[in-house]
Amino acid sequence: MPSLGRARPLLAGGVVVALALLAAVGAPWVAPHDPYAQDVGARLLPPVWHPGGSWERPLGTDALGRDVLSRIVYGARVSVSAGALAVVLSMTLGVTLGLLAGYYGGTIDAVVSNLVNVILAFPFLLLALAAVAVVGPSFTNMIVVLGVTGWPVYTRVVRAETLKYRQLEFVVAARALGVGSGRILRAHVLPNLANTVIVMASLEVARMIILESFLSFLGLGIQPPTPSWGGMLGEGRVYVLTHWWLAAFPGLAIFLTTLGINLFGDGLRDLLDPHRVLLGAARTE
Amino acid sequence: MRAYVVHRLLQAVVVCLGISLITFALLHVVGNPVLLLLPQDASEVDVALLRSRLGLDRPLWIQYAAFLGDAVRGDFGRSLFTQESALALILERMPATLELTFAGMLVAVAVAIPLGIVAAVRRGSVTDRLCTVGAVAGQAMPIFWLGIMLIILFAVKLRLLPASGRGTLGHLVLPALTLGVYLAPLTMRLTRSEVLNVLTQDYIRTARAKGVREAVLLYKHALRNAAIPIVTILGLQFGRLLGGAVVTETVFAWPGVASLAVKAIRTYDYPVVQGAVILLALLIVVVNTLTDVVIACLDPRIRLEGGRA
Numbered sequence: 001m002p003s004l005g006r007a008r009p010l011l012a013g014g015v016v017v018a019l020a021l022l023a024a025v026g027a028p029w030v031a032p033h034d035p036y037a038q039d040v041g042a043r044l045l046p047p048v049w050h051p052g053g054s055w056e057r058p059l060g061t062d063a064l065g066r067d068v069l070s071r072i073v074y075g076a077r078v079s080v081s082a083g084a085l086a087v088v089l090s091m092t093l094g095v096t097l098g099l100l101a102g103y104y105g106g107t108i109d110a111v112v113s114n115l116v117n118v119i120l121a122f123p124f125l126l127l128a129l130a131a132v133a134v135v136g137p138s139f140t141n142m143i144v145v146l147g148v149t150g151w152p153v154y155t156r157v158v159r160a161e162t163l164k165y166r167q168l169e170f171v172v173a174a175r176a177l178g179v180g181s182g183r184i185l186r187a188h189v190l191p192n193l194a195n196t197v198i199v200m201a202s203l204e205v206a207r208m209i210i211l212e213s214f215l216s217f218l219g220l221g222i223q224p225p226t227p228s229w230g231g232m233l234g235e236g237r238v239y240v241l242t243h244w245w246l247a248a249f250p251g252l253a254i255f256l257t258t259l260g261i262n263l264f265g266d267g268l269r270d271l272l273d274p275h276r277v278l279l280g281a282a283r284t285e
Numbered sequence: 001m002r003a004y005v006v007h008r009l010l011q012a013v014v015v016c017l018g019i020s021l022i023t024f025a026l027l028h029v030v031g032n033p034v035l036l037l038l039p040q041d042a043s044e045v046d047v048a049l050l051r052s053r054l055g056l057d058r059p060l061w062i063q064y065a066a067f068l069g070d071a072v073r074g075d076f077g078r079s080l081f082t083q084e085s086a087l088a089l090i091l092e093r094m095p096a097t098l099e100l101t102f103a104g105m106l107v108a109v110a111v112a113i114p115l116g117i118v119a120a121v122r123r124g125s126v127t128d129r130l131c132t133v134g135a136v137a138g139q140a141m142p143i144f145w146l147g148i149m150l151i152i153l154f155a156v157k158l159r160l161l162p163a164s165g166r167g168t169l170g171h172l173v174l175p176a177l178t179l180g181v182y183l184a185p186l187t188m189r190l191t192r193s194e195v196l197n198v199l200t201q202d203y204i205r206t207a208r209a210k211g212v213r214e215a216v217l218l219y220k221h222a223l224r225n226a227a228i229p230i231v232t233i234l235g236l237q238f239g240r241l242l243g244g245a246v247v248t249e250t251v252f253a254w255p256g257v258a259s260l261a262v263k264a265i266r267t268y269d270y271p272v273v274q275g276a277v278i279l280l281a282l283l284i285v286v287v288n289t290l291t292d293v294v295i296a297c298l299d300p301r302i303r304l305e306g307g308r309a
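Residue numbers (the working numbering), protein chains in the order written: chain S, 1 to 285; chain B, 1 to 309.
Simulated from the structure, these hints should not be mistaken for lab results. The beta carbon of each residue, even a glycine, is placed where N, CA and C say it ideally should be. It cannot be assumed that every hint is accurate.
Chain B stretches covered by chain S per the calculated footprint, using a threshold of three residues with CB under 8 Å from any CB of chain S [unchecked claim]:
no.	stretch
1	50-58
2	138-145
3	243-249
4	260-271
5	281-290
Taking beta-carbon pairs under 7 Å as the criterion, some of the chain B residues facing chain S (in silico) [stated by the list, open to error]:
no.	residue
6	Gly18
7	Ile19
8	Ile148
So that you can see chain S by itself, here it is in the shape it has in the complex:
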């Protein structure tokens, strides 16, 4: 068991992740106001510590008089669900292809490995942007684009690990006993990869949240009036000269959430496999 000192990042990250989940699930109860309710008389109110701010609207209001805190709480829904769904999709794709390429080798491996090289050579962000522009901006399209472009990270690692396990005695023995390939992969190889994949996936959630926010920031992701952190940051950017907090708070929400997820993921890695150093070098984003 790791000592408490080593588990500290895991705990800190876990608390932040739990808070983000709480905000996402419990938004209607947590948020002080309706995130869509406009109030023309209370436009661009400053946060509470500024002269003119009040506890009624702790983080102030935006250009349409909507409560910023409530919109940030609701924005957690978009970010958390987008990050989680995109990761589920890319992980499923990536792990499946990695298992097949590593286990069967030959043509499958050649095709998959080359595809991985091609996708990793793309400026990932431009690829995702172009894809979203082609299929049209919507929540579903964004998830599909992030999922379909994000899988090679898993494939590279899973393929290498599968190659290794394929030659180990317990797999060879299972094969000699006549166990089918599908069952070998599911029952003997996959469980051994689970820790690695879980750690990668938890760190990827953070990356996907940042990508989702950037797409929404550019207007290619979540469409207004749905509150999303990236979208709010994009709207707030117009007011940096006069009302800096409109851009500051949603970005802070993104930063704290991804920081929490990264701490959690790093902590998880230390907990599950203290010897392994996962190197995510050469990722194209």
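With the hints as your guide, set chain B onto chain S.
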């Protein structure tokens, strides 16, 4: 050695073909250029007319062959809005992108490599812990937000630096800093782990046992051996760097290829999108291939084994 280089170049060609195929498929099979070009109430006759004028009524593989043939000659078509050659538009903006990426990498290297070395040498110290905390925070940073915060602080509040555009050295500071923060955390962590790795090798212990001074040990024995993996990491991060440039150029209205591409994506100017995506991807392939070949020249273990582990 020659076999390795040939193998690596062939691989690069395959990747380039794949890049052209995906870009083509994205814009012509998933998307429909005709519908993007015509107003929504266009008649079917208009649609058919434009399709044949653009050659989009031919079989897909013929279209792809034509597209590939043009692309190889550097012809990506003309911008739908300015009628300028897409290649010319992109090349005109390339120096700005290279300037920004170079400056960003310089910032990252200047910060990350010394810190990574110090953190490794003084493992477990307060400095090491601070570096790790900084790296974790930096990796979680959405750099488009960081860029905006830097603009608010240095351009709006302190009025020290310009908020956007390109021209003087002052214009370069904030974008380069933003890009540097994006690249530095991973570079620092990997430098630290490479130096640590070298410092635990037998030959270092032997040298230390012989009474070699610590400074000589570090500079002559350890850093020289850690240099190869560190250079590899930097070369292979070029793709990430360009990805970061997309974000940085957008936030600071930096007139580079990436901001051109983002603008073209928003206006559905697909010849420009196509050209920019392909050229940036090619640049990544060239840098990655060069990195591998240069490393192979420096490190006999790689060229003899025929690949990087």
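Original post:
With a Cβ-Cβ cutoff of 8 Å, does the stretch 243-249 of chain B contain at least three residues near chain S?
Top reply: holds (count 4)
Subject >> Per-stretch coverage check for the stretch 138-145 of chain B, three Cβ contacts closer than 8 Å to chain S >> reply: holds (count 6)
Subject >> Outcome, coverage of the stretch 260-271 of chain B by chain S - at least 3 residues whose beta-carbon is closer than 8 Å to one in that chain >> reply: Coverage by chain S holds here, the residue count being 5 at a Cβ distance below 8 Å.
Subject >> Stated coverage of the stretch 50-58 of chain B by chain S [criterion: 3+ residues, CB within 8 Å] >> reply: Violated, because only 0 residues of the stretch 50-58 of chain B bring their Cβ atoms closer than 8 Å to Cβ atoms of chain S.
Subject >> Cut-off 7 Å, beta-carbon criterion: hint that Ile19(B) touches chain S >> reply: Holds - the Cβ of Ile19(B) comes within 7 Å of chain S, reaching about 6 Å at its closest.
Original post:
Should the interface hint for Gly18(B) be scored as holding, given a Cβ-Cβ cut-off of 7 Å against chain S?
Top reply: holds (3 Å)
Original post:
How about the stretch 281-290 of chain B: do at least three of its residues have a C-beta closer than 8 Å to a C-beta of chain S?
Top reply: holds (count 4)
**OP:** Under 7 Å, Cβ to Cβ, is where Ile148(B) needs to be relative to chain S, so tell me if that hint holds or is violated.
**Re:** Given a least distance of 5 Å, the restraint on Ile148(B) holds.
Of the numbered hints stated above, the single one contradicted by the structure is hint 1.
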